[in-house]
Each structure stands twice: as C-alpha cells, then as structure tokens.
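Fit chain B to the given chain A structure using the hints.
So the chains spell out like this:
There are 2 protein chains.
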Amino acid sequence: MRFLDQTKLPAREEIVETSDYRIIAEAIKRLAIRGAPLIGIAAAYGVALAAFHCAEQNAKRINDCLEKVIATLAGTRPTAVNLFWALERQRAVVSRVGADSLPILRQSLVDEAIAIHREDAEMCEAIGKHGSEILPHAATILTHCNAGALATGGIGTALGVIRMAWEMKKLKHVYVDETRPLLQGSRLTAWELQQLDIPYTLLPDNAAAFLMQRGLVSAVVVGADRVAHNGDVANKVGTYGLAIAARHHRIPFYVAAPVSTIDFAITRGSEIPIEQRRSEELTEFNGVSVAPPGVEVYSPAFDVTPHDLITAMITNASVVWNPNAESMAVLKSKLAQASTGR
Amino acid sequence: MRFLDQTKLPAREEIVETSDYRIIAEAIKRLAIRGAPLIGIAAAYGVALAAFHCAEQNAKRINDCLEKVIATLAGTRPTAVNLFWALERQRAVVSRVGADSLPILRQSLVDEAIAIHREDAEMCEAIGKHGSEILPHAATILTHCNAGALATGGIGTALGVIRMAWEMKKLKHVYVDETRPLLQGSRLTAWELQQLDIPYTLLPDNAAAFLMQRGLVSAVVVGADRVAHNGDVANKVGTYGLAIAARHHRIPFYVAAPVSTIDFAITRGSEIPIEQRRSEELTEFNGVSVAPPGVEVYSPAFDVTPHDLITAMITNASVVWNPNAESMAVLKSKLAQASTGR
Numbered sequence: 013m014r015f016l017d018q019t020k021l022p023a024r025e026e027i028v029e030t031s032d033y034r035i036i037a038e039a040i041k042r043l044a045i046r047g048a049p050l051i052g053i054a055a056a057y058g059v060a061l062a063a064f065h066c067a068e069q070n071a072k073r074i075n076d077c078l079e080k081v082i083a084t085l086a087g088t089r090p091t092a093v094n095l096f097w098a099l100e101r102q103r104a105v106v107s108r109v110g111a112d113s114l115p116i117l118r119q120s121l122v123d124e125a126i127a128i129h130r131e132d133a134e135m136c137e138a139i140g141k142h143g144s145e146i147l148p149h150a151a152t153i154l155t156h157c158n159a160g161a162l163a164t165g166g167i168g169t170a171l172g173v174i175r176m177a178w179e180m181k182k183l184k185h186v187y188v189d190e191t192r193p194l195l196q197g198s199r200l201t202a203w204e205l206q207q208l209d210i211p212y213t214l215l216p217d218n219a220a221a222f223l224m225q226r227g228l229v230s231a232v233v234v235g236a237d238r239v240a241h242n243g244d245v246a247n248k249v250g251t252y253g254l255a256i257a258a259r260h261h262r263i264p265f266y267v268a269a270p271v272s273t274i275d276f277a278i279t280r281g282s283e284i285p286i287e288q289r290r291s292e293e294l295t296e297f298n299g300v301s302v303a304p305p306g307v308e309v310y311s312p313a314f315d316v317t318p319h320d321l322i323t324a325m326i327t328n329a330s331v332v333w334n335p336n337a338e339s340m341a342v343l344k345s346k347l348a349q350a351s352t353g354r
Numbered sequence: 013m014r015f016l017d018q019t020k021l022p023a024r025e026e027i028v029e030t031s032d033y034r035i036i037a038e039a040i041k042r043l044a045i046r047g048a049p050l051i052g053i054a055a056a057y058g059v060a061l062a063a064f065h066c067a068e069q070n071a072k073r074i075n076d077c078l079e080k081v082i083a084t085l086a087g088t089r090p091t092a093v094n095l096f097w098a099l100e101r102q103r104a105v106v107s108r109v110g111a112d113s114l115p116i117l118r119q120s121l122v123d124e125a126i127a128i129h130r131e132d133a134e135m136c137e138a139i140g141k142h143g144s145e146i147l148p149h150a151a152t153i154l155t156h157c158n159a160g161a162l163a164t165g166g167i168g169t170a171l172g173v174i175r176m177a178w179e180m181k182k183l184k185h186v187y188v189d190e191t192r193p194l195l196q197g198s199r200l201t202a203w204e205l206q207q208l209d210i211p212y213t214l215l216p217d218n219a220a221a222f223l224m225q226r227g228l229v230s231a232v233v234v235g236a237d238r239v240a241h242n243g244d245v246a247n248k249v250g251t252y253g254l255a256i257a258a259r260h261h262r263i264p265f266y267v268a269a270p271v272s273t274i275d276f277a278i279t280r281g282s283e284i285p286i287e288q289r290r291s292e293e294l295t296e297f298n299g300v301s302v303a304p305p306g307v308e309v310y311s312p313a314f315d316v317t318p319h320d321l322i323t324a325m326i327t328n329a330s331v332v333w334n335p336n337a338e339s340m341a342v343l344k345s346k347l348a349q350a351s352t353g354r
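If you read the sequences in order, they're chains A and B. The first sequence begins at 13 in the working numbering and counts up one residue at a time. The second sequence begins at 13 in the working numbering and counts up one residue at a time.
Everything labelled a hint here was simulated from the structure, so no lab data went into it. No false leads were slipped in.
Calculated cross-link-like contacts (lysine to aspartate or glutamate; reagent style EDC-like; alpha-carbon spacing at most 16 angstroms): (1) A:Lys184 x A:Asp209; (2) A:Lys41 x A:Asp17; (3) B:Lys182 x B:Asp209; (4) A:Lys80 x A:Glu100; (5) A:Lys184 x A:Glu145; (6) A:Lys20 x B:Glu296; (7) B:Lys20 x A:Glu296; (8) A:Lys80 x A:Glu68; (9) B:Lys184 x B:Glu145; (10) B:Lys80 x B:Asp32; (11) B:Lys184 x A:Glu308; (12) A:Lys184 x B:Glu308.
Fair warning: this is a prediction, and the values are worked out from it, not measured in the lab.
For reference, chain A alone in the conformation it holds in the complex:
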C-alpha cells in the first residue's frame, strides 16, 4: 500500500510504501492517514495486507490472527464510524470465504478493499453531484477541516461538492477555516484548493462568525465523522459552533457524507464516542512551547451538531432535507431496498 503522509503537507509530499498493517494502524493514529472515509479504506487494505503475512497453518488460527489485526486497526481512533464499517466488511469476507484456502481468502480481502475504495470514489461523485445542484449561483462557501480527496477515496465529500460547483461555474469563492489544533484547513484543504486552482481565503476558526456577519458566506459545507440515526453529526471540533453561527445568520448549513458514515445503530449524537487529543497538540508547535508547563487542556477531536441545526444532509443516495429520526429512517429503508435489489 502506498499512502501520502498527510502530517508532512503542505511542505513535503512524502509517500510511504508498506505491506505492514501496523504501519497503517500507526499512520491512522498519528493522522498521517485521516478523514473518515479514507480511514475505512486504509483499514480495509490493512486487513488484506495482514492476510499475506499470516503464516498460520489452520483455519482457526488464521481467523484468530485476522481478528487480532482487525482489533488493532479498530483501536486506532474511536469516532469515525467508517473504520468499524470497513472492518466489519472485511470480517464478513473472512466468515463468508473461510480460511481453508489462504490464497483465496487473501484475494477476496484484496478485492473487498478495492471495492470499498472504488465505492467510496463513486459515493464522492454522487455527493458532489447532489450537493452542487442545491448550491446557489455565485456561491461563497465556508468549509472546516478537510473533507476532500485527501480524506476519501475520490474527490471528497464537502470538497467534492465545492469542486463540482466550481466545474459547473456556480462557485465564486471558498473560505477555509484553518482548523485548530492540527490545521487541516491550512495544511490540507488549502493545498487541495491550490492544486485545483479554486479561489480561496484562509481564516482563523474564530473569525468565521464575523465573516458571516459581513455577508460573505452563502452556505457552510462540512464533512462528517459519524452521523447518528436521528441526523446528529459528529465532525471535527468547531463544526458545532459554525452551525450555531450559520443558524444565527440564516445561512444554510450542509453536511456532506457517504452513507457509510451513518451509524443507524446509534440513536442520537450524545452516544457517539468523542476522541480526546493530546494536550501537546495545543500547547506546543514544532517542539516550541506556547503555554505554561503543566497546563490542563480540553481538546476533543470532534463535536456533535444536533440535527436541527443542519439544513440538509448531502449523501450519495439522496439529499435529506431537515434531517431527523423520521427523514433519516426514510433514507435507511431506501438503502435497505437498494441493497436487497442488488
């Protein structure tokens, strides 16, 4: 597997090549690989790669070995549901194919990882199409964190919408929150937009409300790390404050996410586990201390935006306006029908 080490951007485009799932697990943990959909894809490849290193001789032991791999990958980050969803798909492959023939199992796991990867690219395209259609003309879009090609297997979710709107000549400008503490906006989204030649402006997260007050934002579009059954959304910390500010200014607030990000098993957002990040991410920069020693830090990686602040959920299947338990249930049964029909 080859992946771009995103911690090195924008200074260096460093590609890591590995066949060791532990390198992948560690890359997910330290955010070298990040973004809910991409974490799922990388974890799926991780299981497939591990099967090639699995030298056990009987089916039971091969199963145990792969279970250990899945547990390690599942333990990397707690919030994005795509990780668990992708690992569940690989676990289902192991049950279905069985471990009697290791070469067949290996190929099946590789095929499934590639399928997850391809499906994600298709979901991004569909999200981009649905989202760009509902944006106004000459749109000025504010986005937070990075929900672009770097975070997915395709053109991105929120950035997929932005990119398609740009291609349709509906987009005027993008405003990018720098996204503290790890600066995914400054480092990653800015880098992607620059590659795409889409005009953008970078701002500190705390200037977003003032930008709205000045009438410069026609819509907010963000990604998601996990969506609950009632439409509540866990996404990069700062999303919730943006949603409140958007509501205050009567600006539409859109969440763009593939259906793989929806966790129908979770009733509401408050049940989503929220990862806490290390205090050093806030108190140090490149080893230079910017806070007194020993300071206590509150640094959740994500926050939860209640569904009633969300204008629409832009999924690959459809646009869910006013997401709530009812409208999300409609989406759920639509997905169940589609999967039965397949």
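Here is chain B on its own, set in the frame of chain A:
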C-alpha cells in the same frame, strides 16, 4: 519606562527599559505591549518621555514636536479607543499647561501619565467588584484572549472579575480560549492564572461551543477594545462567535471594560475601524510555514458583537444590564455628572 515584552511570554519574562517613545510605539505595534487599557497607559508615558527628549527652543516648536509624537503613537493600532483617549488627555495637558516652561510641561505630562495609570488600576478594582458580585456561586467562567493584569494598569478587566470572584470563593474553574492567531489565551491568560493559582483549562477557540453544550460554562466574561454608544463591542476576533454560542445555550455573556473604552462618539459597532493582521501570523509559526505559499488570508484582529447579545456591560461606574443606546445614554449622563461634580 519599563515594560514586559509580552511576545516572549510564557517562555521568558523579558523587561525592556526605554526612554524612547519610538520603542514604545513599536512595542505597541508588535503587541509586546497590548490590551486596550495598557496601550493607553503606555502611550501616555510615551508622550511624557518624548517631552524630555524634546530639545526645541520655543513653545510653537515644542507643540509641533509633541504633536508629531502623538501622531506616531496614534498610528500604531486603530481599534482600541483607550489609545486615542489617553493621547487626547496628554494633548489637553499640553494645551492647558502650555510649552513656555518645558520643565513644568514635562512634569505635568508625567503626572498625567501616572494619573491615567492609577485611575486604570482603580477602574479594574471597581470592575472586579461589580463583576464578581453578579456571578453565580461555583461559577465556571469561559474567557477569550487576555483582559488581565497584562492588558491593564491593575488587576485586569475580565480577569479582574475572575480574580475577585476567586478571592470571594465564588469561582470554581476558568476555561481559557487559546485565542488564535497570537495565542494570548495560551501564552498570557494561562500564565496569569497560573501565577494566581486559579484552576483553569485551556481549549482551542473552536471547542468553546461544545463546552457550552456539555453544560460546563456558567458565564462568559471578556474584555473590550472599543464600545460604541449603542453598546456594540469590538473585542478580539472570536468574541462574536462566543456571544452567539452563549445566546444559543442561554449562558450569560458579560463584557468587562472601563469607561475609557467606551467611545460615545461612535453610534454603532459597524463604524469601529477593524485592524487587519498580517497573513504570516496565520500561515507561519516560528518561521515554519503551515499553509501553501501565497495563500490569501482573512485575519481581522477584532470582531463586533452587537449589543443585543450582551447580557451586561460591567464597567467601573456601574453594571449596565441589556446595554443599548438608552441604557448607555444613562451611563453617559451619570459619567458627565460625576465629572462635573469632581
């Protein structure tokens, strides 16, 4: 004049000693001296020091020389009104005392600077007293930027309130926004609270809304750089977003400021000039680039919070509940009476 270079905190407590007003002007510009009240105090001392270096022989030339000094100091930063207010007081001293006797003028300017400094310390005490009285018991206070001893001539405005509440055993905990881009929360407020042994937690600005959602904030207390006649407040960028989030969660939002920060000549907040900061403050850290080269940046130093989001304005004269053009006019006439009575 001796001042602490605040850009070096928290790593080093570096004192600068100077009798050159240009060093003071430059220190204000680069935020080595910062905080609306402190800028005013420093500028007043700057004019006094300049008079000692003024070697002109006649009153007209001395006047011209001091006018040049005042213009230089006034040109350092545009938003905080205390700067212009303090310079106006020194200008009034020059008119009143005249420049016929340079020794008398020098002493008068020094006396006025000391008076401005002392009055500010008294105003902080009064603000602290008024503010701590209205806080609930076991208060958990969220603050933004630094409105402490470092920003004033006394115990601070917002931090003065916090400090007095702590002494009255009404305070449980302080939450400190790191305050991008220049990290006045991490570097300065955290440093002050540590010195005072007041328990606090640091957070990224964009986590404040989530903290409120979790019920951890009983009130927000911030300072101000300029208050308009109608009660609109210019303060460090991010204040407006906090005020919206506080309103959304029905959390009281207090602005603590001396009356010297009120600009009755300005009708509403939209007329307050807002300083834009250099893009490098956002795109670089200690010379390391964290964004692609050439990126366009929106980095206002301040934002404007409309008065209707402010629960009360805590001034040294009184607490103005529901600040608006009428309630502020009452404060104005009260101040005019007090000044006539003096």
